[in-house]
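S.K.: Chain by chain, the residues:
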Amino acid sequence: MINLKEIKTAAFLARKDTLKDWKIFVLVIVALSFSLLNIVFIQALMSGLVSEIYAQTVDLSTGHMVIEPDKDQEYLYNINNLEKKLEALSGVVGISPRYVDRAIIIEKKHDKKSSTTLIAFTPSRENDVTQLYKKIKSGEFLSDGDENEILIGKTLADDLELAVGDKVKMVFSNGVSKEFRIKGVLDAGMEQIDRGSIYVTTQGYDKFLNVHDKASSVVIRLADINQVENYRYMIIPLTRGEVYTWKTKTEYIQRQIESWGMVTVMTTLIGILTAATAIAIIIYINTSSKKREIAILKAIGGSNSFIMTIYTIESIIFGLLGILFGNIVAYGILGYMANHPLQAREGFQVIPVYNLDLAISASIILFLSALTAGIYPAWKAAKTNITKTIWGV
Amino acid sequence: MGNSIIITRNLRKIYKMGKIEFSALNGVDLEIEEGEFVAIMGSSGSGKTTLLNMIGLLDFPTSGKIFLDNTDVATMDEQQCTSYRLKKIGFVFQFFNLLNELTGAENVMLPGMIKGNSNSREKALELLQLVGLKERAGHKPSELSGGQQQRVSIARALINDPRLILADEPTANLDSNSAMQVVNLLRKLRNEQNQTIVMVTHELELGKLADRIIWLKDGMVIKDEIN
Chain D
3 MINLKEIKTA AFLARKDTLK DWKIFVLVIV ALSFSLLNIV FIQALMSGLV SEIYAQTVDL
63 STGHMVIEPD KDQEYLYNIN NLEKKLEALS GVVGISPRYV DRAIIIEKKH DKKSSTTLIA
123 FTPSRENDVT QLYKKIKSGE FLSDGDENEI LIGKTLADDL ELAVGDKVKM VFSNGVSKEF
183 RIKGVLDAGM EQIDRGSIYV TTQGYDKFLN VHDKASSVVI RLADINQVEN YRYMIIPLTR
243 GEVYTWKTKT EYIQRQIESW GMVTVMTTLI GILTAATAIA IIIYINTSSK KREIAILKAI
303 GGSNSFIMTI YTIESIIFGL LGILFGNIVA YGILGYMANH PLQAREGFQV IPVYNLDLAI
363 SASIILFLSA LTAGIYPAWK AAKTNITKTI WGV
Chain C
10 MGNSIIITRN LRKIYKMGKI EFSALNGVDL EIEEGEFVAI MGSSGSGKTT LLNMIGLLDF
70 PTSGKIFLDN TDVATMDEQQ CTSYRLKKIG FVFQFFNLLN ELTGAENVML PGMIKGNSNS
130 REKALELLQL VGLKERAGHK PSELSGGQQQ RVSIARALIN DPRLILADEP TANLDSNSAM
190 QVVNLLRKLR NEQNQTIVMV THELELGKLA DRIIWLKDGM VIKDEIN
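Heads up: the protein sequence lines correspond to chains D and C, in order.
At position 374 of the first sequence the residue is numbered 376 (my numbering), and the sequence of numbers has no breaks.
At position 123 of the second sequence the residue is numbered 132 (my numbering), and the sequence of numbers has no breaks.
It is worth saying that the hints were derived from the structure and are not from the lab.
For every residue, glycine included, the Cβ atom is placed at its ideal position computed from N, Cα and C.
Do not rely on the hints blindly, as some may be mistaken.
Simulated crosslink set (DSS-like; lysine-lysine; CA at most 27 Å straight-line) [to be verified]:
id : chain 1 : residue 1 : chain 2 : residue 2
1  : C       : Lys97     : C       : Lys74
2  : D       : Lys22     : C       : Lys132
3  : D       : Lys115    : D       : Lys180
4  : C       : Lys96     : D       : Lys10
5  : D       : Lys292    : C       : Lys97
6  : D       : Lys171    : D       : Lys114
7  : D       : Lys216    : D       : Lys180
8  : D       : Lys18     : C       : Lys149
9  : D       : Lys385    : C       : Lys124
10 : C       : Lys149    : D       : Lys25
11 : D       : Lys209    : D       : Lys115
12 : D       : Lys385    : D       : Lys18
13 : D       : Lys25     : D       : Lys293
14 : C       : Lys124    : D       : Lys10
15 : C       : Lys96     : D       : Lys293
16 : D       : Lys385    : C       : Lys25
17 : C       : Lys97     : D       : Lys7
18 : D       : Lys382    : D       : Lys22
19 : D       : Lys7      : C       : Lys132
20 : D       : Lys156    : D       : Lys136
21 : D       : Lys293    : D       : Lys10
22 : D       : Lys382    : D       : Lys10
23 : C       : Lys132    : D       : Lys18
Among chain D residues calculated to face chain C with C-beta under 7 Å, some are [stated by the list, open to error]:
id : residue
24 : Thr11
25 : Asp19
26 : Glu295
27 : Ile298
28 : Ile302
29 : Gly304
30 : Ile388
Simulated coverage check for chain C against chain D, where a stretch passes if three residues somewhere in it have a Cβ under 8 Å from a Cβ of chain D [claimed, not checked]:
id : region
31 : 80–92
32 : 114–122
Please model the complete structure; the sequences and the hints are all you need to start from.
M.R.: Structure (structure tokens):
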């Protein structure tokens, strides 16, 4: 059994040996740091991407909660009454009834057409719930009194070669057609909006499709998004419609993310395995080159456990410093990116999200890899015949 | 057994290299008294270093007995051998075998530190003074000449006050002047500290500085002469 004095001597030798070759020292620390950074950063990026997708969906589409008609109903009725009940709930900060229809947009000059989703809302009410108004690329957002104006997504506008000020013909599901002026082009960073949606005001829509006191859906914003489940139970008795939270409305995204999740888990596991192997190889080679030193130590009276202690301490030094620097660098980069987000594409910014649990798990795995990689060759070398090693020099 | 510190009885060592067996020691019987300075001589392949390794517990005999200080070391396990080496044997190697990352003083104090001595540094400096290298205590092996490195290595062998010093061709890599200094230093140690010294050498001139020369040939003692 090794005693405290031997541990102190082993620590002394480990420190001397570790600092003997700066190049190897730096190489191992950098390799460990970058391995950790790779794992933490990719995961943070994926988490940031997922968060951004959720945030965009909530901020631009679903709000915190959505009320929709029963399956056998086309509309929600008595909307004014429902709105009053919802407004009476403290913590509800925005309510926006919406009307959804299918329509055909026709660009008159070249007679280009596209089938699209038409969404009607009252802009001042919608602005309390979503942040669609922040996504205007050119032109202006709708005002409550606009009756002959529409907003169009950037991709759809590009496809139909349309710009702000252009006039288009809209054909609604009931066969009625009307000319509108494009007031603004949206760049939301969501395909569903940029390619597939056109927005009009409720006032304009109501002129030719009577939607008075009814709606296709009501989107709601709460003061605290974390209270959605509580509010769901509060709202259910207030309506005959179905009450959804943003979570249930984004289940389709969640399913998609789960399938990426498998890829991410595999990527992370492979990343950890690759990093662990790389670290193991570097430390293994480093320790294996110390056979002569190990044999000398044995010859002058160093026990196997003493020798193992030296290389265990060395591996601990490498492991701790590598993980420490890796985490510092990862935290620094992620901190920088919090203020300078990654612009994945126009209108879609990704801020990586630091995952503490993953950072801890990856740190532990890499630390154990460094430890194993250092101890195994030392253990092998400690078992080597001293005479062969020393006189074989 | 009197005051013999080393006794070997019918010591044999056979090395196996694949299907080929090579007999390095063929029944060596010898006794070395405490405080003796003995040179082991012989041509290359005569078994000198193998014998030294057996006495130094660095290797195990195929058969036969070794008694060190009246202890049958054949019954010791590896851990006991290591502990015995640490406390009772000092080694001086042909290639010095100092640790390059340590200074001269640190190399000398190392076995003392492993043993757990608290005054290793002071003692290391004393020993470096004894071998005439106190002023080089802070130098690393790469900054020392071959002769100086070997003297550091001798100081290291002495740090735990071993009763036995084993030197394997300690002068083989030194010029004649340095070689003479090293052997004279070993003699001085024997005279002043009454340590038993067993030195393997192939240089007769140096062997003659020992009290006694044991000649080996083909793994057997062929002559044992007092100088």
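S.K.: Now look at each hint and say whether the structure bears it out.
M.R.: Status of each hint after checking the structure:
1. Our distance criterion of 27 Å between C-alpha atoms is met by C/Lys97 and C/Lys74, whose separation comes to about 19 Å.
2. Between D/Lys22 and C/Lys132 the alpha-carbon distance is near 25 Å, which keeps this suggested pair within the 27 Å criterion.
3. For the proposed pair D/Lys115 and D/Lys180, the alpha carbon gap of about 14 Å is at most 27 Å, so the pair holds.
4. The suggested pairing of C/Lys96 with D/Lys10 holds, with an alpha-carbon distance near 19 Å, which does not exceed 27 Å.
5. Restraint check for D/Lys292 and C/Lys97: satisfied, since their Cα atoms lie roughly 26 Å apart, inside the 27 Å limit.
6. A distance of roughly 10 Å separates the Cα atoms of D/Lys171 and D/Lys114; the hinted pair therefore holds under the 27 Å criterion.
7. Restraint check: the Cα-Cα separation between D/Lys216 and D/Lys180 comes to about 22 Å, which is no more than 27 Å; the hinted pair holds.
8. For the proposed pair D/Lys18 and C/Lys149, the alpha carbon gap of about 12 Å is at most 27 Å, so the pair holds.
9. Only pairs whose Cα atoms come within 27 Å are accepted, and D/Lys385 paired with C/Lys124 is accepted, the gap being roughly 21 Å.
10. Distance check on the hinted pair: C/Lys149 and D/Lys25 sit about 19 Å apart at the alpha-carbon level, within 27 Å; holds.
11. Of the supplied pair hints, the one linking D/Lys209 and D/Lys115 holds, its CA atoms being roughly 23 Å apart against a limit of 27 Å.
12. Between D/Lys385 and D/Lys18, the direct Cα distance comes to roughly 23 Å. Compliance with the 27 Å bound is thereby established for this hinted pair.
13. Among the hinted pairs, D/Lys25 with D/Lys293 is consistent with the structure: their alpha-carbon atoms are about 19 Å apart, no more than 27 Å.
14. For a cut-off of 27 Å, the pair hint linking C/Lys124 to D/Lys10 stands: about 12 Å separates their Cα positions.
15. For a cut-off of 27 Å, the pair hint linking C/Lys96 to D/Lys293 stands: about 23 Å separates their Cα positions.
16. Under the criterion of a C-alpha separation no larger than 27 Å, the hint pairing D/Lys385 with C/Lys25 is consistent with the structure, at around 19 Å.
17. Restraint check for C/Lys97 and D/Lys7: satisfied, since their Cα atoms lie roughly 19 Å apart, inside the 27 Å limit.
18. For the hint pairing D/Lys382 with D/Lys22, the CA-to-CA distance comes to about 22 Å; that is within 27 Å, so the pair holds.
19. About 17 Å separates the Cα atoms of D/Lys7 and C/Lys132, which keeps this hinted pair within 27 Å; it holds.
20. Simply put, D/Lys156 and D/Lys136 have alpha-carbon atoms about 14 Å apart, close enough for the 27 Å limit, and the pair holds.
21. Between D/Lys293 and D/Lys10 the CA atoms are separated by roughly 22 Å; this keeps the pair inside 27 Å, and the hint holds.
22. Taking the CA atoms of D/Lys382 and D/Lys10, the gap is near 23 Å; set against the 27 Å cutoff, the hint holds.
23. Distance restraint check for C/Lys132 and D/Lys18: the Cα-Cα separation of roughly 21 Å lies within the 27 Å cut-off, and the hinted pair is therefore satisfied.
24. Proximity of D/Thr11 to chain C holds as hinted, the smallest CB-CB distance being about 4 Å (cut-off 7 Å).
25. Taking 7 Å as the C-beta contact cut-off toward chain C, the hint placing D/Asp19 at the interface holds, the least distance being around 6 Å.
26. A least Cβ separation of about 6 Å between D/Glu295 and chain C falls short of the 7 Å threshold, and the interface hint therefore holds.
27. Annotation: D/Ile298 was flagged as interfacial toward chain C, and the flag holds, the nearest CB pair being 5 Å apart, inside 7 Å.
28. For D/Ile302, the interface hint holds, since its Cβ comes within 7 Å of a Cβ in chain C; the closest pair sits about 5 Å apart.
29. The closest approach between the C-beta of D/Gly304 and any C-beta of chain C is roughly 5 Å, which is under the 7 Å cut-off, so the hint is satisfied.
30. With a least beta-carbon distance of about 5 Å to chain C, the hint placing D/Ile388 at the interface is held under the 7 Å criterion.
31. Only residues whose C-beta sits within less than 8 Å of a C-beta in chain D count toward coverage, and the region 80–92 of chain C has 4 of them, enough to reach three; the restraint holds.
32. With 4 residues carrying a beta carbon less than 8 Å from a beta carbon of chain D, the region 114–122 of chain C meets the three-residue requirement, and the given coverage holds.
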